[in-house]
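J.: Residue numbers (the numbering used here), protein chains in the order written: chain A, 1 to 158; chain B, 1 to 520.
Honestly, the hints are just simulated from the structure, not real lab data.
Please note: incorrect hints may appear among the correct ones.
What the hints assert, rightly or not - Capping the alpha-carbon separation at 27 Å, the derived lysine-lysine pairs in BS3-like fashion look like this:
no.	chain 1	residue 1	chain 2	residue 2
1	B	K386	A	K106
2	B	K45	B	K59
3	B	K378	B	K102
4	A	K18	A	K89
5	B	K36	B	K59
6	A	K106	B	K383
Claimed, not checked - Covered by chain A, per the in silico footprint, the following chain B stretches (three or more residues, Cβ under 8 Å):
no.	segment
7	387-401
8	413-427
9	439-449
Treat the numbers as computed from the prediction; the structure is a model and nothing was measured.
C-beta: ideal position from N, C-alpha, C; glycine also.
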Amino acid sequence: MRVEYINPFVESAYNVLKEVLNSEVNRGDLYLKSTSMPVLGVAAVVGLAGDVEGRVLFDMTKETAINIAAAMLEGMDLEKPTELDDMGKATITELANMITGQSVTKLHNLGFQFDLTPPAIFTGENMEVSDTGVEALIVPMEIPQGKIEINVAIRERS
Amino acid sequence: MAGESRFTSIAGTIAQAQRDAEREDERRQDEHIDFKMVTFSLGGKDYAVDIMKVKEIAKFGNFTYVPNTMHFVRGVYNLRGEIISVIDLRQMFGVPVPDEEKAQESGLIVRVDDHLLGVVVDSIDRVVGISSSEIQPPHPIFADVNIRYISGVVEHEGRLYILLDVERIFTREDGRADGSGLESHGAPGMRGGAGAAGAAGAAGASGTQAATGKQAAGDAAPSAGPAPDASGAGQSSAGAAGADRQAGAVARGASGPGRPQSAAADTDVSFIGEALAAFNAFHPSPINADWVARRFEEWKAERSRAGKEIQLRTEEDAAAFVHPFFSPYTEAFWGEDYLERVARTLPDDDALPGNLNVWNPGCGKGYETYSLAVLLRKTYPEKRIKIWASDIDLLSISTAPNLVFPAASVPEYYREYLVEGTNGFSFAEEIKELILFEYHDVLHENTVPEAGVILSRDLLSMLPQEAQHRVTADFSEKLGPGGIAIPGAQEALDALSGWRSVGGAVNAYTTVGPSSRSTT
Numbered sequence: 001m002r003v004e005y006i007n008p009f010v011e012s013a014y015n016v017l018k019e020v021l022n023s024e025v026n027r028g029d030l031y032l033k034s035t036s037m038p039v040l041g042v043a044a045v046v047g048l049a050g051d052v053e054g055r056v057l058f059d060m061t062k063e064t065a066i067n068i069a070a071a072m073l074e075g076m077d078l079e080k081p082t083e084l085d086d087m088g089k090a091t092i093t094e095l096a097n098m099i100t101g102q103s104v105t106k107l108h109n110l111g112f113q114f115d116l117t118p119p120a121i122f123t124g125e126n127m128e129v130s131d132t133g134v135e136a137l138i139v140p141m142e143i144p145q146g147k148i149e150i151n152v153a154i155r156e157r158s
Numbered sequence: 001m002a003g004e005s006r007f008t009s010i011a012g013t014i015a016q017a018q019r020d021a022e023r024e025d026e027r028r029q030d031e032h033i034d035f036k037m038v039t040f041s042l043g044g045k046d047y048a049v050d051i052m053k054v055k056e057i058a059k060f061g062n063f064t065y066v067p068n069t070m071h072f073v074r075g076v077y078n079l080r081g082e083i084i085s086v087i088d089l090r091q092m093f094g095v096p097v098p099d100e101e102k103a104q105e106s107g108l109i110v111r112v113d114d115h116l117l118g119v120v121v122d123s124i125d126r127v128v129g130i131s132s133s134e135i136q137p138p139h140p141i142f143a144d145v146n147i148r149y150i151s152g153v154v155e156h157e158g159r160l161y162i163l164l165d166v167e168r169i170f171t172r173e174d175g176r177a178d179g180s181g182l183e184s185h186g187a188p189g190m191r192g193g194a195g196a197a198g199a200a201g202a203a204g205a206s207g208t209q210a211a212t213g214k215q216a217a218g219d220a221a222p223s224a225g226p227a228p229d230a231s232g233a234g235q236s237s238a239g240a241a242g243a244d245r246q247a248g249a250v251a252r253g254a255s256g257p258g259r260p261q262s263a264a265a266d267t268d269v270s271f272i273g274e275a276l277a278a279f280n281a282f283h284p285s286p287i288n289a290d291w292v293a294r295r296f297e298e299w300k301a302e303r304s305r306a307g308k309e310i311q312l313r314t315e316e317d318a319a320a321f322v323h324p325f326f327s328p329y330t331e332a333f334w335g336e337d338y339l340e341r342v343a344r345t346l347p348d349d350d351a352l353p354g355n356l357n358v359w360n361p362g363c364g365k366g367y368e369t370y371s372l373a374v375l376l377r378k379t380y381p382e383k384r385i386k387i388w389a390s391d392i393d394l395l396s397i398s399t400a401p402n403l404v405f406p407a408a409s410v411p412e413y414y415r416e417y418l419v420e421g422t423n424g425f426s427f428a429e430e431i432k433e434l435i436l437f438e439y440h441d442v443l444h445e446n447t448v449p450e451a452g453v454i455l456s457r458d459l460l461s462m463l464p465q466e467a468q469h470r471v472t473a474d475f476s477e478k479l480g481p482g483g484i485a486i487p488g489a490q491e492a493l494d495a496l497s498g499w500r501s502v503g504g505a506v507n508a509y510t511t512v513g514p515s516s517r518s519t520t
């Protein structure tokens with residue numbers, strides 16, 4: 001993972017989470033992961049293509065997802081979900097979009113140009129993501145609602 | 001060409017080319033034509049493939065990029081409803097690629113078993129009919145393309161065609177044809193796929209802890225040698241400043257020849273080795289066995305003089321033991337003496353075909369990367385140079401792209417490439433643009449292309465022995481023809497099979513023949 005890509009993701013995740021949840025956000029230590037990794041239960045994926053290629057995956061437990069959706073919707077005076085219904089999923093998707101979008105804007109300002117795919121959300125038990133041949137940067141974020149692991153796997157197009 | 005379908009198969013081209021070939025045939029009626037080949041050029045040289053493997057000749061473009069594939073995969077392409085992978089032979093073989101990307105690339109659609117595969121080349125020439133008896137065996141001199149992929153050489157009308165073996169290029173070594181999973185076949189610079197993955201996860205996780213541990217230890221007290229982090233495999237040579245100059249001196253001054261003979265002493269050495277590995281500062285292996293044996297003799301002498309025990313009880317002991325191991329100018333710009341020695345060891349300009357790719361895993365804060373970049377720029381002024389530098393220490397690697405330093409710390413040699421900023425000096429864009437710094441664990445998949453120089457000083461000995469083998473196997477796969485690998489001053493790659501010393505002014509190695517591309 002090119003060094004210049006790291007900060008935009010970390011900063012955007014921090015800023016966006018802090019803003020939308022209106023609460024304390026703690027960033028854990030960054031690290032690298034390879035090969036397959038288990039998904040906690042809910043995963044939102046945004047693809048990137050352009051000067052770089054890859055994807056950003058937001059991984060959290062179902063409970064965390066519901067809590068986050070509740071917190072976000074509550075802020076907008078909407079009904080709080082108690083399970084991960086369509087509204088909840090859409091909310092998580094939007095969160096993924098906001099964070100990735102802001103990172104991409106930052107990267108764009110640094111001179112890297114690329115596009116995003118619409119976010120997709122995956123839910124289920126015992127899921128695993130495998131992408132061989134790429135290493136992912138893990139940005140763990142601790143929030144009162146639980147833990148989100150932001151899993152960034154991008155690289156230069158050569 | 002500007003049709004709604006971006007794919008413009010030139011049916012006529014083949015027909016025309018075949019007519020040409022047939023006229024050719026008539027002129028050479030005395031010969032028996034039993035082999036036809038499609039000829040094309042790559043980096044200005046003539047190549048050919050058996051026409052029976054070619055489905056069609058095509059112009060295509062606008063490939064859909066597929067993330068995280070090997071560097072020579074251009075993407076996938078919709079060939080009249082069938083999705084095919086498209087690879088760029090120039091990238092694959094390390095021949096120079098023209099700077100600007102063409103909207104429409106020339107290429108071939110080849111058939112490998114049941115798969116179709118798009119292949120981008122510089123330009124398609126024509127179809128040539130020859131007698132198969134004219135095909136001569138390849139000569140090792142054709143260094144641009146790995147000799148494994150050449151099935152022969154054909155001379156035709158004064159031109160020399162290198163006949164590529166499509167099956168061997170695009171087929172996995174286990175015999176299965178492979179359209180999409182190019183990453184795991186035997187292409188130059190590819191690793192064997194499986195096996196690499198397993199241990200990488202665990203090592204990656206622990207390496208991370210090492211990185212964070214070093215943030216505290218290594219940087220706060222650089223003179224204390226490498227941070228002896230007990231929690232993970234420290235991959236970086238960070239934090240070893242000050243260890244450098246003594247390293248050479250101690251090694252030269254060492255008198256003890258080889259390993260101690262007595263069984264008791266052997267036990268002690270292996271005990272020390274286990275302790276080092278446990279503190280994770282250093283992993284004894286065949287690569288550094290000679291140094292460990294020599295150092296152990298010194299250590300015994302030092303410790304008995306100081307009235308201390310020989311066993312390594314603490315991290316400090318382990319750090320003190322390993323201290324002299326580090327190569328000259330660790331965590332500092334290379335001095336002119338060392339630059340000069342490296343320069344003398346580097347291969348001649350014409351021994352390195354095409355662009356010069358450099359792989360520098362474990363680059364730390366980037367001092368050695370910049371040193372090498374300046375040296376290479378001066379040594380090979382005409383070449384296109386690209387350096388892939390990586391480290392697992394996040395803090396070190398983060399500072400590398402924008403390294404700022406006081407001018408006083410830089411030898412005169414670098415001056416012409418420095419620019420002054422508000423906080424000190426940094427390197428000019430001209431040098432920076434040669435280097436790509438990555439936060440990367442060398443135990444994960446390494447996607448760097450074939451390299452002419454691999455610089456990996458003191459990295460291997462910081463990895464567990466099993467990981468050392470995997471990384472050196474990767475080195476041997478990625479090292480291009482005529483290239484050299486420069487490990488640490490005390491690391492002997494020729495302790496592994498498949499490597500030999502180049503006998504240069506610094507400790508450097510090359511691989512022994514394409515047939516023995518494996519390590520113990």
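J.: Give a verdict on every hint.
T.: So, going through the hints one by one against the coordinates:
no., hint, verdict
1, B:K386 x A:K106, "25 Å, holds"
2, B:K45 x B:K59, "20 Å, holds"
3, B:K378 x B:K102, "31 Å, violated"
4, A:K18 x A:K89, "20 Å, holds"
5, B:K36 x B:K59, "21 Å, holds"
6, A:K106 x B:K383, "33 Å, violated"
7, 387-401, "holds (count 6)"
8, 413-427, "violated (count 0)"
9, 439-449, "holds (count 8)"
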